[in-house]
Amino acid sequence: MNTAIIETPAGYSGLSWTPVGLVVLNLPSPSPQDAEIKLREAIEGLPVKPGSKKEIPGSWFELSSVEREIALYFGGKSVDLEFPVDWGYYTEFQKRVLQKVYLIKWGQATTYGQIAADLGSPRGARAVGSAVGSNRALLIIPCHRVIARNSGLGGFGGGLDWKRKLLKLEGITYKE
DNA sequence: CTAACTAAACCTA
DNA sequence: TAGGTTTAGTTAG
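One rule links them: number in my numbering = place in the first sequence (from 1) + 37.
Derived from the structure by calculation, the hints contain no laboratory data.
Hints should not be assumed to be uniformly reliable.
Said to hold, decoys possible - Result set (DSS-like, lysine-lysine): computed pairs, CA atoms no more than 27 Å apart in a straight line: (1) Lys75 x Lys205; (2) Lys137 x Lys202; (3) Lys205 x Lys142; (4) Lys205 x Lys114; (5) Lys137 x Lys205; (6) Lys142 x Lys202; (7) Lys114 x Lys142; (8) Lys137 x Lys212; (9) Lys75 x Lys202; (10) Lys132 x Lys202; (11) Lys212 x Lys202; (12) Lys137 x Lys114; (13) Lys114 x Lys212; (14) Lys75 x Lys132; (15) Lys142 x Lys132; (16) Lys202 x Lys114; (17) Lys142 x Lys212.
To be verified - Quick list of the computed label-pair ranges, beta carbon to beta carbon: (18) Asp71 x Arg160: 21 to 27 Å; (19) Ser101 x Gly189: 34 to 40 Å; (20) Glu81 x Thr128: 17 to 23 Å.
Glycine included, every Cβ here is placed at the ideal spot set by N, Cα and C.
All chains should be modelled from the sequences, with the hints used to inform the complete structure.
Structural data, given as structure tokens:
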């Protein structure tokens with residue numbers, strides 16, 4: 038498990054990855070030290086033996102390109118942040134949900150219920166909510182673009198203030 | 001296996 | 001808008 042701390046316009050972010058793809062990308066913290074603590078906590082919380090299978094040979098990962106894209110993102114640019122994700126750390130259901138979320142483009146939004154319907158469980162919105170909450174690769178898996186259909190904007194692991202900030206950055210509106 | 005959790009949605013008034 | 005009901009998957013015991 039590789040780890041690094043990168044600098045972004047919004048602070049310092051910790052990330053970790055395997056030869057398969059990204060595992061963790063945290064939201065920026067004010068200091069590198071804070072970012073490191075958050076990263077360590079995120080890694081400790083990972084399920085034990087990951088089911089990572091097919092490894093992509095060669096190095097897909099260039100820290101500098103991640104750093105550059107994240108910087109563009111916080112600068113308000115419409116970037117896709119399409120980096121590979123190591124899905125081996127999620128349960129089957131979480132993976133199905135998060136892979137849907139992964140496809141949501143910059144500036145777009147969907148609802149928990151819509152994802153549930155896409156997965157064939159039209160009434161599974163609540164289960165989708167708990168699965169989305171397991172996302173560890175923030176921004177890369179844009180779970181902030183998933184909002185509640187009727188009341189409110191749902192929740193967010195990194196705090197609702199962050200969610201509002203990210204949605205505003207992308208010009209996404211929601212009911213409040 | 002059950003029961004108590006959810007980052008939801010729906011129904012009624 | 002507010003409150004209660006329904007709902008599906010995860011997690012703890």
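Right, here's what the structure says about each hint:
Annotation: proposed proximity of lysine 75 to lysine 205 holds, straight-line Cα distance about 24 Å (limit 27 Å). Of the supplied pair hints, the one linking lysine 137 and lysine 202 holds, its CA atoms being roughly 22 Å apart against a limit of 27 Å. A C-alpha spacing of about 15 Å is found between lysine 205 and lysine 142, which places the hinted pair at or below 27 Å, so the restraint holds. The suggested pairing of lysine 205 with lysine 114 holds, with an alpha-carbon distance near 13 Å, which does not exceed 27 Å.
For the suggested pair lysine 137 and lysine 205, the alpha carbons sit about 22 Å apart, so the restraint of at most 27 Å is met. This hinted pair checks out: lysine 142 and lysine 202 have alpha carbons roughly 17 Å apart, not beyond 27 Å. The straight-line distance between the Cα atoms of lysine 114 and lysine 142 is roughly 13 Å, inside the 27 Å bound, and the hint therefore holds. For the proposed pair lysine 137 and lysine 212, the alpha carbon gap of about 22 Å is at most 27 Å, so the pair holds.
For the suggested pair lysine 75 and lysine 202, the alpha carbons sit about 20 Å apart, so the restraint of at most 27 Å is met. Annotation: proposed proximity of lysine 132 to lysine 202 holds, straight-line Cα distance about 26 Å (limit 27 Å). Only pairs whose Cα atoms come within 27 Å are accepted, and lysine 212 paired with lysine 202 is accepted, the gap being roughly 15 Å. A distance of roughly 22 Å separates the Cα atoms of lysine 137 and lysine 114; the hinted pair therefore holds under the 27 Å criterion.
Pair hint lysine 114 plus lysine 212 holds up; C-alpha atoms about 24 Å apart against a cutoff of 27 Å. Restraint check for lysine 75 and lysine 132: satisfied, since their Cα atoms lie roughly 23 Å apart, inside the 27 Å limit. For the proposed pair lysine 142 and lysine 132, the alpha carbon gap of about 18 Å is at most 27 Å, so the pair holds. For a cut-off of 27 Å, the pair hint linking lysine 202 to lysine 114 stands: about 14 Å separates their Cα positions.
With a C-alpha separation of about 20 Å, the suggested pairing of lysine 142 with lysine 212 holds against the 27 Å cut-off. The hinted window of 21 to 27 Å between aspartate 71 and arginine 160 is violated, with their beta carbons roughly 40 Å apart. For the pair serine 101 and glycine 189, the beta carbons lie near 38 Å from each other, so the given range of 34 to 40 Å is met. Separation of glutamate 81 from threonine 128 is about 18 Å and conforms to the stated range, judged on CB atoms against 17 to 23 Å.
Hint compliance for this structure: hint 18 is the single one not met.
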